[in-house]
Amino acid sequence: MNGGSSIGKKLVVVVMATTFAALLVSVGLIIGYDLRNYHRSLVNDMSTQAELVGHMTSAALAFDDTRLAGENLALLRTRPMVDAAAIYDENGRLFASYSASKGAGAFPARPEPAGTRGDGQYLSLFRPIVENGETVGTVWLRAENRLLARTLDYLAIGLGVMLLAMGTAYLLMRRMGRGITAPIVAVTGIARDVVATRDYSRRAPRVGNDEAAELADSFNAMLTEIEQRTRELEDSNREIVREAAERSRAQQEVMRLNEQLEHRVDERTLQLALANAELANAIDVARNANQAKSAFLSSMSHELRTPLNAILGFAQILTSDSLPTTAAQKKEFSSHILKSGRHLLTLINEILDLAKVESGTITLSMEPVALGEILGECRTMMEPLAAARGVRMLFPQRVSAVLMADRTRLKQVMLNLLSNAIKYNRDAGAVVVDCMPAGPGRLRISVQDTGMGLRLDQVDALFQPFNRLGQEAGAQEGTGIGLVVTRRLVELMNGTIDVTSSPGVGSVFTIELGTTAPLPTQVEGERAQDTALAQAGEGAPRLLLYVEDNPANLKLVEEIVRFRPDLRLMAAGDGPRGLALARAHHPDIILMDLNLPGMSGFEVLAQLQREPALSAIPVIALTANAMPRDIERGLAAGFFRYLTKPIDIDRFNEAIDITLAQLRAGKGAVA
Amino acid sequence: MGFAVRAVRCAPSLILALWLLAGAACAQPARLEVQVKAAYLYKFAGFVDWPGAAFARPDSALVIGVAGNDELAAQLEKVASGRSVGGHPLAVRRVQRGESLAGLHVLYAAPADAAGTVLLAAARGLPLLTVGDALDAPSAMIRFHMVEERLRFEVALAQVAPSGLKISARLLAAAWRVTAGA
Chain A
1 MNGGSSIGKK LVVVVMATTF AALLVSVGLI IGYDLRNYHR SLVNDMSTQA
51 ELVGHMTSAA LAFDDTRLAG ENLALLRTRP MVDAAAIYDE NGRLFASYSA
101 SKGAGAFPAR PEPAGTRGDG QYLSLFRPIV ENGETVGTVW LRAENRLLAR
151 TLDYLAIGLG VMLLAMGTAY LLMRRMGRGI TAPIVAVTGI ARDVVATRDY
201 SRRAPRVGND EAAELADSFN AMLTEIEQRT RELEDSNREI VREAAERSRA
251 QQEVMRLNEQ LEHRVDERTL QLALANAELA NAIDVARNAN QAKSAFLSSM
301 SHELRTPLNA ILGFAQILTS DSLPTTAAQK KEFSSHILKS GRHLLTLINE
351 ILDLAKVESG TITLSMEPVA LGEILGECRT MMEPLAAARG VRMLFPQRVS
401 AVLMADRTRL KQVMLNLLSN AIKYNRDAGA VVVDCMPAGP GRLRISVQDT
451 GMGLRLDQVD ALFQPFNRLG QEAGAQEGTG IGLVVTRRLV ELMNGTIDVT
501 SSPGVGSVFT IELGTTAPLP TQVEGERAQD TALAQAGEGA PRLLLYVEDN
551 PANLKLVEEI VRFRPDLRLM AAGDGPRGLA LARAHHPDII LMDLNLPGMS
601 GFEVLAQLQR EPALSAIPVI ALTANAMPRD IERGLAAGFF RYLTKPIDID
651 RFNEAIDITL AQLRAGKGAV A
Chain B
672 MGFAVRAVRC APSLILALWL LAGAACAQPA RLEVQVKAAY LYKFAGFVDW
722 PGAAFARPDS ALVIGVAGND ELAAQLEKVA SGRSVGGHPL AVRRVQRGES
772 LAGLHVLYAA PADAAGTVLL AAARGLPLLT VGDALDAPSA MIRFHMVEER
822 LRFEVALAQV APSGLKISAR LLAAAWRVTA GA
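So the protein lines, in turn, are chains A and B.
Mapping the first sequence onto this note's numbering, position 650 (from 1) lands on 650, and the numbers just tick up by one.
Mapping the second sequence onto this note's numbering, position 114 (from 1) lands on 785, and the numbers just tick up by one.
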């Protein structure tokens, strides 16, 4: 309200000042103009009067008629303004006089030069009377000068007018100014309220259609804008608060997750530490294994060289001309060579077994196997060795259990365990084999020896590869591979192997395998009879084509075939030559080396099969590729039989006989 | 100072006035009368309008004829010399009996002179202001009287009317008597 009345006051002051100034100027001008006019008209009037009187009086002067002059002057009575008058003749003597009231004061003694003289209270005027160009006298008039009084009157009137006008202006201003200030005051009030209460929904009233109304409109628009902005700001603030809450919630969640994470990290760290420890352990194990492997390699080198030494040495003696030998000596040396070669073959087979086991490529054919049968075979095979060491072997009687196992591998396992028990036994010791059920569907077989036993740390390292457990420098020949292979084979047959030992007393190796229902089958020996039957061949020798690039192998086969009168050998050094011979002579049987220079045995076979005249000839592979996979591949490719080097003469002959029997049967069928 | 200057400037006329007063006081009554009459004759001309035909030219002389009074004529010549009325220089002519009145504008006929009466009669109807003494010239337009030892005059409007002259009201106001009839 203070500001509003201030504008009102200012407005009033401005209007009053303007009014005052206008009035002052106008009243002043009017008064000045009027006073000037008054004075001028007074002077003019007096001049006129003087002229008139002079004109009228000129005759009286001319004819020296003072009475007439006096009468003329007396006419001035009609002019109350004129206070006194006088006429002087041409000589300056007072000729006639007039005074409006008694004692109006003295007349000038002598006429003075023409002109107007004012002495404040009175205005006097001398005027010469001219007749016919001659000055015949002078008129003197005196009038009351009312200029001052008139001025005072005017001032009083001006003051009154001013007071009245300013009062009116003030009242008008009070009434009309409200129309101007009210909207502004309203806007100011709303603005103050809005600032005080922050209520932006208030609106200033629109009054009239002038700038104040525009101000109100603009103010309202501004308020609308502010209101909207404020709302947006509040919304955004709320949003921010909400987001902050969410963020804090998320932060708590993150912290919680962090704690979990830390917990997990701790766990993982622990696991890692454990894993590291295991790894370190494993590294130790691996290092140990590596060391064992290195030791094994040197040992293996030694083991492989030892039989080679015997073979090569005796072979040199036999082939030397400078060392003549008797027939008995020759036979003895040859038996040494044969024995050493067989040992070497055993070594190589074991190494290959280990390699297969380690690489996991071994395949088992699980079938019901009669344990008693296996034990019987093993006993037969081990008897000579045991007898040589003076070791007694005790086997359980009437074993009827049937195991679910690979027959060959089970036998291998049992042979390995038994040979170990014999090898590492003391002289005149004993080996006890026993078997007993261990839970439903399981059978436990134990092999107990009376050897020097094993220390605890030796037991732990027992099933590691290439470990011969203190027997590295022992007299017993061995590879250190047997137990590792054994264990893997048992595990592959879903079994377990265990060992308990007491140093100085002996060790017990126990394997546990799954059993199955007894399935006693006794079908054997038929094939043997067949082969025996097949021995009886006809007179005409069969043509055998041998494709082989190695002359030593060719010589060996030549020597073997020489003992068979029913065969005639033909040889080719490579594939193409072999094919040419086959086309030319149509052999009954073809022996094929696989690793031939240029054209491989498989390619030669494929070519033979493509040619109808040759496709019927049975082809027998004879190769050093002894891996089961190679064998499978060879049989799949169409080889009739697959023989591996080194040649086992009995197996070679068997394969030849079977093929010949096949040929005869086929020929019979055709015939 | 201003007053002193004004006093000095007024001095010559003051001296002249004093001299005139002294002269008048010393003069004999008859002589004074002639002087006043001469002045009046001259002054009358100023209050009378002549018809336009009375003057040949605008600056033609206004001729005052004096008959039978040489003293007056002389006095009048003295007064009129160098003066003019309404732009007309004053001229004085002594008029003898039987002399033509043409060219005269004012005619003073002395009293006790028959010739004067004849002249006045001749002047009747002419644009000629006739002046005479009351006792001697009853037909004159303006007649002098001595009233209370002062020379006054009467205007006979009946005499004026045929002449075509116009006599100013101020002259009439200054007259001792204005008579409408003969």
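Be aware that a few hints might be false.
Quick list of simulated restraints, FRET-style, between CB atoms [said to hold, decoys possible]:
1) P729(B) to R79(A): 48 to 56 Å
2) P729(B) to V43(A): 46 to 54 Å
3) P729(B) to S41(A): 31 to 39 Å
4) P113(A) to G774(B): 38 to 46 Å
5) Y38(A) to A773(B): 36 to 44 Å
6) V789(B) to R79(A): 49 to 57 Å
7) G774(B) to L75(A): 57 to 65 Å
8) L75(A) to P729(B): 32 to 40 Å
9) R110(A) to A773(B): 42 to 50 Å
10) Y38(A) to P729(B): 51 to 59 Å
No lab work stands behind these hints: they were computed from the structure.
Quick reminder that beta carbons are idealized off the backbone N, C-alpha and C, glycines included.
Checked hints:
1. P729(B) and R79(A) have their C-beta atoms about 38 Å apart, which leaves the hinted 48 to 56 Å range violated.
2. Between P729(B) and V43(A), the C-beta spacing of about 35 Å breaks the proposed range 46 to 54 Å.
3. As the Cβ distance of P729(B) to S41(A) is approximately 37 Å, the hint placing it in 31 to 39 Å holds.
4. Remark: the range hint 38 to 46 Å for P113(A) to G774(B) is upheld by a beta-carbon distance near 41 Å.
5. Between Y38(A) and A773(B) the CB atoms are about 58 Å apart, so this pair departs from the stated range of 36 to 44 Å.
6. Under the hint 49 to 57 Å, the C-beta atoms of V789(B) and R79(A), about 51 Å apart, fit the expected range.
7. Taking 57 to 65 Å as the suggested C-beta distance range, the pair G774(B) and L75(A) does not conform, at roughly 40 Å.
8. A hinted range of 32 to 40 Å for the beta carbons of L75(A) and P729(B) is consistent with their spacing of about 35 Å.
9. The beta-carbon spacing between R110(A) and A773(B), approximately 47 Å, falls within the hinted interval of 42 to 50 Å.
10. At roughly 43 Å, the beta-carbon separation of Y38(A) and P729(B) lies outside the given 51 to 59 Å, and the hint is violated.
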